[in-house]
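Undergrad: Sequence:
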Amino acid sequence: MRRKFVGLSAMPALCGLFAIAPGPILAQDAAKKAVAPIEAAASADVIEPASVEALKSMAAYIAGLGAFNLDSTFETELVLDNDQKVGIGGTTSYEVKRPDGLKVELVGDLGSREFIYDGKLLTVVSPTDEVYGQVDVAPTIKQMLEQVAYHLDIEVPLADLFDYGTEDSVVDKITEGFLVGPATIDGKASKHWAFRTDGKDFEVWIADGDAPVPLKIVIDDDTQPARPRFEANLAWTADAAPDAADFAFTAPAGYQQIDFLAATSEVEKTK
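The sequence shown runs -27 to -1, 1 to 244 under mature numbering (1 follows the signal peptide of the UniProt record, and there is no 0).
Be a bit skeptical, because a hint or two may be false.
Said to hold, decoys possible - For lysine-lysine, the following DSS-like pairs were computed, each having C-alpha atoms within a straight-line distance of at most 25 Å: (1) Lys29 x Lys146; (2) Lys161 x Lys58; (3) Lys29 x Lys115; (4) Lys146 x Lys173; (5) Lys173 x Lys58; (6) Lys93 x Lys115; (7) Lys29 x Lys161.
Simulated from the structure, these hints should not be mistaken for laboratory data.
Note that the coordinates shown come from a computational prediction; the quantities given were computed from them, not determined experimentally.
Could you put the whole structure together from the sequences, leaning on the hints where they help?
TA: The structure is reproduced here in structure tokens:
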């Protein structure tokens, strides 16, 4: 039996919505009634067909975007050696032109990075340190992301978005899925869905209408005892029109090229 989706003791904000009820008992009863359908769905150990269809629609829409811009704010948890979790926040900005143009700007509590890809070279820039490194890579965005993650241990934020529409898509790995309910994210109407795969629980708020993009995602990593969480709000521009110049890198004055990728600069390209 699946554990409960959420307990009342973990929902002070929701309980506060019912503070106008005459007395704490009625407030508690109202909160229980509101949560009961969610807990029932989460305890069913099943995949609601509508949840899979929603995820497939989202995946197909994202995979069909030839170019887009994406801005996000995120919070993630780092697990220390003593299993204590430390929260780290930041923002990311994406410019994408499939199949071979990608620019990512990451600004976080631990510093900033830029990733610039033109179909041949990946350039990783540290504006704080005024240094950059370059490596020859595979000819498509998805291949490049897999390549540098495996061979160079370089993880680009939200890289899983480029798995949609491929055999690596999370859609085919779902073991549980259900609708939590309607929600509003940054002023946009959406549906809140909860899913489980082998090793991860994740939630996604998918926009209503004919552009079913994810407006918010939450991922809990069950493969680690501390179960670190990643959470991000996403703002999409689906009609972006970047050109090749957006993915060309010219080193700013004073920046130094370093060989931190030298040991793996001849990475075998993914076919």
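Undergrad: Determine which of the earlier numbered hints do not hold for this structure and return their numbers in increasing order.
TA: 2
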